[in-house]
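S.K.: So the chains spell out like this:
Protein chains: 2
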Amino acid sequence: MVLETINGPADVKALQPAQLQTLADEVREALIGRLSRTGGHVGSNLGVVELTVALHRVFSSPQDKIVWDVSHQCYAHKILTGRKAAYLDPAHFHDVTGFTNPRESEHDCFKVGHTATSVSLALGLAKGRDAAGGTENIIAVIGDGALGGGEAYEGLNTAGAYKKNLIIILNDNDQSVAENHGGLYACLKALRATGGNSENNFFRALGLDYRYLDDGHDVLRLVALLESVRDIDHPIVLHIRTIKGKGLPYAETDRENWHSAGPFHVADGSPKNGPPKYDTTVHDSLTALLERDKTAVVLTAGTPRALGFVGEDRAAWERTGRFVDVGIAEENAMAMASGIARYGGTAVFGVYAPFLQRAYDQLSHDLCLNNNPATVLVLLPGAFGMKSDTHLGLCDIPMLTHVPNLVYLAPETREEYLEMFRYATTQKQHPTAIRVPVRFYSRENKDETTFLPGRAKVLRKGSGTALIAVGALLPMALDAADAFEKETGRPLTVINPCFLSGVDEVLLNALKKDHRLVVTMEDGELDGGYGQRVASFYGSSGLRVINLGISKAFHSDFRADALLEAHGMSVQKIIHLIQTQEG
Amino acid sequence: MVLETINGPADVKALQPAQLQTLADEVREALIGRLSRTGGHVGSNLGVVELTVALHRVFSSPQDKIVWDVSHQCYAHKILTGRKAAYLDPAHFHDVTGFTNPRESEHDCFKVGHTATSVSLALGLAKGRDAAGGTENIIAVIGDGALGGGEAYEGLNTAGAYKKNLIIILNDNDQSVAENHGGLYACLKALRATGGNSENNFFRALGLDYRYLDDGHDVLRLVALLESVRDIDHPIVLHIRTIKGKGLPYAETDRENWHSAGPFHVADGSPKNGPPKYDTTVHDSLTALLERDKTAVVLTAGTPRALGFVGEDRAAWERTGRFVDVGIAEENAMAMASGIARYGGTAVFGVYAPFLQRAYDQLSHDLCLNNNPATVLVLLPGAFGMKSDTHLGLCDIPMLTHVPNLVYLAPETREEYLEMFRYATTQKQHPTAIRVPVRFYSRENKDETTFLPGRAKVLRKGSGTALIAVGALLPMALDAADAFEKETGRPLTVINPCFLSGVDEVLLNALKKDHRLVVTMEDGELDGGYGQRVASFYGSSGLRVINLGISKAFHSDFRADALLEAHGMSVQKIIHLIQTQEG
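Chains as they are written, first to last, in the working numbering: chain A, -17 to 565; chain B, -17 to 565.
Simulated from the structure, these hints should not be mistaken for lab results.
A couple of the hints might just be wrong.
Which copy is meant is left open, so a pair is good if it fits within one copy or across any two.
[As the list claims (entries may be wrong)] The calculated lysine-lysine pairs, modelled on DSBU-like cross-linking and capped at a C-alpha distance of 30 Å, are:
| # | residue 1 | residue 2 |
| --- | --- | --- |
| 1 | Lys410 | Lys439 |
| 2 | Lys259 | Lys369 |
| 3 | Lys146 | Lys410 |
| 4 | Lys495 | Lys259 |
| 5 | Lys439 | Lys171 |
| 6 | Lys468 | Lys410 |
| 7 | Lys(-5) | Lys555 |
| 8 | Lys468 | Lys146 |
| 9 | Lys443 | Lys410 |
| 10 | Lys369 | Lys443 |
| 11 | Lys410 | Lys369 |
| 12 | Lys468 | Lys439 |
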């Protein structure tokens, strides 16, 4: 086994040329072995095995620096840079994360999980090198899907006027997370069809040197191409065609489903844990909107599955022009939402919380400054959402609640979500964001109050202490109130704030009468969050406030309940807190 | 006078063709008349006079919709759409703002001040039109400088795959705020040199139809071009060459200085109020850094003057590769800063507060997640900074202080700025942002304490009430303390928090001993700001906190002192507040 001999890039260089494809085959086998057990980013990793072998054959990392865009395709890179055990030995599967990480290895330049970042980051390394008088090669590896993102373009444009070594590898597998969208992709298609010789080359238009390689799985040709540009004295784009999911026929065919997947049977790709279960609440709400409101347009920035739109259902809505995937271009999606709403249409942009931050300026300036009544669905927010520091979802409340004109709603139950969604998409007064629950609770008939904009809801009326718990933490707050009452005979007040972009001053003032303590609970960052507004409101009142929330840090690889408990949020800890503070 | 007859676009359509240039000349004269009295965006407005006349000749606003990028070039548009008095009659100069504004006129589609937004916003209008079954023309007018921004690219890429009417006018005057940077500009130059026929057309590469017009000041040719694309059934880019500052020889020559200017004498362009005075503190600190640290690289995103770099000084530093203008591409600049710091270099990115928000994702993900020790200089922050809602600078504290790993420093005096700048650019532990004072106070020897990371400074030790005032408000806090002591004989405590990304817990705890009230003062938004952290810290302590700050709104056209006073921040109001609360 060749892979046995590989403990770092130097070992790749020591191989005979004929062994390189063997190494690639073994790496691919290792990847399939682990991916089939743990799941992960299947397609992108299988697609860059030969490219990764060639990179470490030709360049000398860590002196030469490779920046992986998104870095979800870094598994082969990790295998070749001293971390193969994490892919071969189940006991070591958890030694590494799914993204590049400088703390893991000197061969990883950045911790990244966001798309379209590599060219600019590599340019920064290159400028750092120049200032220090270095001579290393700087390499960015970017996918075709990422080229739709503005940051990638800004980097390419700057690179086009840069005069020193920079190698940009376009790993073109003709697929984003879902299919690609945008005029650029016709250009890439034409380049692929002509061996890189078609008219109006996007990269040459930006002043970049350019080479095309059709077979991105021919490791010797890859090595030859990379050798030909090693130590090049100017930026160049190497446009390399690869096959997403290479080596697994079902993944090569169904590239969207195999972008990332859970554990699967290698033989046929069937999932080991049964088919993934999707809650259809969001999808159903959007479909109902599209059906009842002919001016409605739903936007996604490259993640249509996140909204539940797949297959023929998606295709059919796309044909109407009212379900629009702009590719990984959140800025554009947010601005378009503003434009649609300005025209008078009903615009909904659904986006994962960590990626919403990519459109912060457009949210503030393009949408909220204009006070256009578009709706933003914030998906996987807070501690129950994404769990990697590369995909920070803990900052949604601090990020959104200081933006003027924006109303940020936090439903708890399915019924409440639907109520708020209907409110947001029918009112014409202001932009609204909805903190879509990761899990939809349903209280059915237990909560018969109607959501009123600007008003919080009292779910349980007590005295002494009030718990104000954001959306997903209401079940914990209610449990704590139950347990507390059982133990002490005293009922607590439990409040659902419903809207996070302000406080319900009427209700908060009313609490002063018969409460001495307010405890706020949020499954997001404390600093700049909802609770601090409550603390500020009560600052001079004599009523005491304790804010519970997540500390300001790039928390990663956490379990939601453990993270919350570590920040004082569990039924027991809350009861203890109240007893301590009241006593 | 033709302009006398023009009260709206219909009147432009009623003119004889031969009158159109006369109208343009009169509009230009009106612009010069007002600009020379009030100042404003000189170059961009003089450059689009004929284009604007042609647009309103050919298209029918407000049914047809014109989206002006940045919208600093909208003065002629305002003149032709019922607002000419604001340019002809000094009594009406203040009737209009310097940017498009839907509240002013149905001919203005959006309130905008940020670059690179028009194509996406226009696409949104177009999608809104499609959903509603409309047939109007949608037109975006975008400058060459704006094409360096990622949002513009994202919009163009989406437009390249769009199948309906959309007219994108590239107003190419071969100049950004300063000179252009990036590979794209060689492409535009080649297109200009070849009448639009050079190889590797950037727009065609994105799938867009394309036409070129060399003389953007020939109103009849402009009319003919626009007529030829009216009601076109697909997106098209009209690349039109114009002259920035057209009609004022000195403005045509010195395009950077005349991008915007104060009142001037028309005869020779000399300023009426004497030469503008620039504080050189920032420039000097950067120059000293570049000289003492050969790994230092200073970055700007299209606004080198904001850092004091002009003329040969700038050119010389640019030649070293260590002063880098990436064009209006804040995302790229922020990511590059992270890369430079990762390499080991000293990176400083200076950016106006309102534009920093365009790189929020890159600040969080590309820089802070990686904890790379780059420095961000936040220019013109808070109430003393920019004064238009299109350039919102009031959110810097809420926006920055929840981002993990980032240390946000707020100096008051010149000496403190220099101390903090040196700290930020020599430590290697974390990214730092500095809230650069709009006006540098100097206390010289009065404050001899040294800045210590994480520590606040007690400027005046009293008891009972403590004022914690962010940077620029310290003079007010000290004056209030003086006046209060004079009146009551009791000294107040005055604290400079120095760093805003956390609170100095040691000091805050110490205040509990002999203080009953803490008043925080910040010249930025209250919601999510510094003061609310203090309120949260003291929430359960019994010590009372009052947070003073600006309300969450798109405040515009304010005087800083009036805005602050309206939010309780003046010497008298603070004294009154303390007396009320203490009593």
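S.K.: Check each numbered hint from earlier against the structure, then list the numbers of those it violates in ascending order.
M.R.: 4, 5, 6, 7, 8, 9, 10
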